[in-house]
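Visitor: If you want the building blocks of each chain, they are given just below.
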Amino acid sequence: MYQYDQYDQAMVDARVEEFRDQVARRMAGEITEDQFKPLRLKNGLYLQLHAYMLRVAIPYGTLNGRQMRMLGDIADKYDRGYGHFTTRQNIQYNWIKLEDAPQILADLATVEMHAIQTSGNCIRNISSDHFAGAAADEVVDPRPYAELLRQWSSFHPEFDYLPRKFKIAVIASDTDRAAMRLHDIGIQIVKNDAGEIGARFYVGGGMGRTPMIAPVIREFVPVLQMVSYAEACLRVYNRYGRRDNKYKARIKILVHEIGADEYRRQVEEEFAHILTLGLEPPAEELARIQGFFGNPGLVDGLAEGYDRSDPDFAVWVDQNTTPHKQPGYKAVVISLKPAGGIPGDATADQIRLMADLAEAYSLDELRVTHTQNIVLPHVKQSDLYALWQKLDEAGLAAANLDLIGDIIACPGLDYCSLANARSIPLAQKISARFAEPERQRDLGELKLKISGCINACGHHHAGNIGILGVDRKGTENYQLLLGGSEAADTSLAQIVGPGFSEDGIVDAIETVTEVYRAQRTEGERFLDTYRRIGMAPFKEAIYG
Amino acid sequence: MKILTGNDLGSGHVVWWDGEGWSRHVSDAVDVGDAAEAILAAEEAARRVNASYAISATKAEDGTVRPDHIKDRIRALGPTVRPDLALQPSDPQSGNWVI
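Going line by line, the protein sequences match chains A and B. Residue numbers for the first sequence follow this note's numbering, so the first one is 1 and each next one is one higher. Residue numbers for the second sequence follow this note's numbering, so the first one is 1 and each next one is one higher.
No lab work stands behind these hints: they were computed from the structure. Predicted model only: the values in this text are computed from it and were never measured. Check before you lean on any hint, since a few could be wrong.
Claimed, not checked - The list that follows gives simulated cross-link-like pairs (lysine-lysine, DSS-like), each with its CA atoms no further than 30 Å apart: (1) A:37 x B:2; (2) A:246 x A:37; (3) A:191 x A:325; (4) A:77 x A:390; (5) A:97 x B:2; (6) A:165 x A:97; (7) B:71 x A:165; (8) A:473 x A:248; (9) A:473 x B:59; (10) A:37 x A:165; (11) A:248 x A:165; (12) A:539 x A:473; (13) A:97 x B:71; (14) A:77 x B:59; (15) A:473 x B:2; (16) B:71 x A:248; (17) B:71 x A:473; (18) B:2 x B:59; (19) A:165 x A:246; (20) B:71 x A:429; (21) B:71 x A:37; (22) B:71 x A:246.
Claimed, not checked - Stretch by stretch, here's where chain A covers chain B in the computed footprint (C-beta under 8 Å, at least three residues): (23) 7-17; (24) 42-50; (25) 66-76; (26) 80-87.
Backbone N, C-alpha and C define an ideal beta-carbon position, used for all residues, glycine too.
All chains, full assembly: derive it from the sequences and hints.
Guide: Structure representation (structure tokens):
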């Protein structure tokens, strides 16, 4: 894992003290809320429905036990004993006091964490594949490249006031586990025919009110020029992005309006200019960063296999673990989606337990997934049973990865001041309705995603089944969408028809699953069936 | 009726204008009539409240106050999915609100 050098630590420490002073001046009335708001947002502090909310960055979703334990301690010390893991690999605290915020940031800085650039019109936390460094199918570990981009984008003065927020994801395998093409910039690290490492750039994706899948802007950028190419992409956007209309200000609108070819032409022109300046990060710096992401302690020669005689364990291990590139290991997904629970929420005790388990069983590494779960990436197969028993005792052994119970849900109107409708109660009702494990497994891979407003933090556009909450004359109403995917076969879900009440949408989803069961062929996932038979049979069954 | 709400500057708590100051209980809220703008300006300037605004609400015969919009009813009670974290209301009937 990357460790701060003196520059990283000095920058973060200085920012804490700067914010401490800004908060003191706000409390003393020396600055107005209009003056203070952009300052607190740059430090991840929002004012939400019930209180201040602090969003803490977890760069490319990677953290160690010490950092995870601090997240649990903060939940206890400054919040109400829990945290909420988000779809951008961050954690949010919902009950923060303004006067506590600087000390929370100071506590975070002691474990090399911060909340910088988790809000505002700047480059946000760089997200990545949650199996990075463990995945059998990756070309390389994408995290050193994500870290290089993190360093480049942190406090980048030219990109501190972009037309709108800007999100970058970096992956290094053909299996997209980061919704990469639904980001402002998606970078896939690839290897060319000559065996050289480079970056494929997708630009102009996103969800929100105008969902778009990012087109390829360049197939291969030599890896040491990746930062300069990103700079060129941002510079063209910064120059021509719509600052006159918030709803048309994301880069996806620019790329769509001028066309991918014209955008590419301008980026290439800018890129050629940047290359003449010799600003690329030196190869030594990339090598230094890569040095932090070497073998975390994986040992050779371990046997494949484990005792599967406990049937409950066997179900969990089949559903919630994935192959590891190193023989004798598995990557384990801890589901934060118990039946009837709140997706992404974890208590302080659960957070600390996961920290302990990472240290005991996963070479001191954890990952936060964009699906609001936690990964222990490097678990010996011989430790799986002991790990499962401890997770089970703590209510963290739901065996539902990628099943209908593994729901993404934004905080919705229960917490968010932007929301139009509640998301969490729906997730609870749906996961309770489909709580029977055999029923979930029979339905197979089925990704259900719920957003409480058009901003789409719950990724409803990318749901095999998506739900969008709207406000219809002061009443919550829910639109049903089908056919989305955030994976390598990215597609945008389509609205089925008129919306539903809270209970009505749960019934409609059950109808959708019945149509799938009736129509599927051997081995066909829900998404495959939908793509084969189209919307009509589902619509007919729901609306008659 | 027209009532005023906002968040306490320091704690972030949801608060309601009770005619003299800010209460955490919506049923303490008073009808401000046409005085909303003047009160909000003075209170924001005094740094007692943040992000304040006026909303419509309905007062029942028993005197309880119910915001007209669901968002403000949730603000008044707390997250509907965490009743353990909800503010214990001064209005004993508010738990029966249909959110």
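Visitor: Evaluate each hint against the coordinates.
Guide: Against the structure, the hints come out as follows:
With a C-alpha separation of about 27 Å, the suggested pairing of residue 37 of chain A with residue 2 of chain B holds against the 30 Å cut-off. Simply put, residue 246 of chain A and residue 37 of chain A have alpha-carbon atoms about 18 Å apart, close enough for the 30 Å limit, and the pair holds. The suggested pairing of residue 191 of chain A with residue 325 of chain A holds, with an alpha-carbon distance near 18 Å, which does not exceed 30 Å. Using a Cα cut-off of 30 Å, the hinted pair residue 77 of chain A and residue 390 of chain A holds, with the two alpha carbons roughly 25 Å apart.
Proposed proximity of residue 97 of chain A and residue 2 of chain B is supported: the alpha carbons are some 28 Å apart, at most 30 Å. Note on residue 165 of chain A and residue 97 of chain A: the hinted pairing holds, with a Cα-Cα distance of about 25 Å set against a maximum of 30 Å. Distance check on the hinted pair: residue 71 of chain B and residue 165 of chain A sit about 26 Å apart at the alpha-carbon level, within 30 Å; holds. Only pairs whose Cα atoms come within 30 Å are accepted, and residue 473 of chain A paired with residue 248 of chain A is accepted, the gap being roughly 26 Å.
A distance of roughly 21 Å separates the Cα atoms of residue 473 of chain A and residue 59 of chain B; the hinted pair therefore holds under the 30 Å criterion. For the given pair, residue 37 of chain A sits about 16 Å from residue 165 of chain A by alpha-carbon distance, which is consistent with the 30 Å threshold. Distance hint between residue 248 of chain A and residue 165 of chain A is fulfilled; the C-alpha atoms sit about 12 Å from each other, no more than 30 Å. Taking the CA atoms of residue 539 of chain A and residue 473 of chain A, the gap is about 25 Å. The hint holds against a cut of 30 Å.
Distance restraint check for residue 97 of chain A and residue 71 of chain B: the Cα-Cα separation of roughly 21 Å lies within the 30 Å cut-off, and the hinted pair is therefore satisfied. At roughly 38 Å between alpha-carbon atoms, residue 77 of chain A and residue 59 of chain B are farther apart than 30 Å, so this suggested pair is violated. Proximity of residue 473 of chain A to residue 2 of chain B is assessed by CA-CA distance (about 19 Å); at most 30 Å being required, the pair is judged to hold. Between residue 71 of chain B and residue 248 of chain A the alpha-carbon distance is near 27 Å, which keeps this suggested pair within the 30 Å criterion.
Our distance criterion of 30 Å between C-alpha atoms is met by residue 71 of chain B and residue 473 of chain A, whose separation comes to about 13 Å. Pair hint residue 2 of chain B plus residue 59 of chain B holds up; C-alpha atoms about 10 Å apart against a cutoff of 30 Å. Pair hint residue 165 of chain A plus residue 246 of chain A holds up; C-alpha atoms about 10 Å apart against a cutoff of 30 Å. Between the alpha carbons of residue 71 of chain B and residue 429 of chain A the distance comes to roughly 21 Å, so the proposed pair stays at or under 30 Å and holds.
Using a Cα cut-off of 30 Å, the hinted pair residue 71 of chain B and residue 37 of chain A holds, with the two alpha carbons roughly 22 Å apart. Taking the CA atoms of residue 71 of chain B and residue 246 of chain A, the gap is near 23 Å; set against the 30 Å cutoff, the hint holds. Residues of the region 7-17 of chain B lying with their CB closer than 8 Å to a CB of chain A number 7, which satisfies the three-residue condition for coverage. Counting residues of the region 42-50 of chain B whose C-beta sits closer than 8 Å to any C-beta of chain A gives 3, which meets the bar of three, so the coverage hint holds.
With a threshold of 8 Å between beta carbons, the proposed coverage of the region 66-76 of chain B by chain A holds, since 6 of its residues qualify and at least three are required. Only residues whose C-beta sits within less than 8 Å of a C-beta in chain A count toward coverage, and the region 80-87 of chain B has 4 of them, enough to reach three; the restraint holds.
The structure fails to meet hint 14 from the earlier list, while all remaining hints are met.
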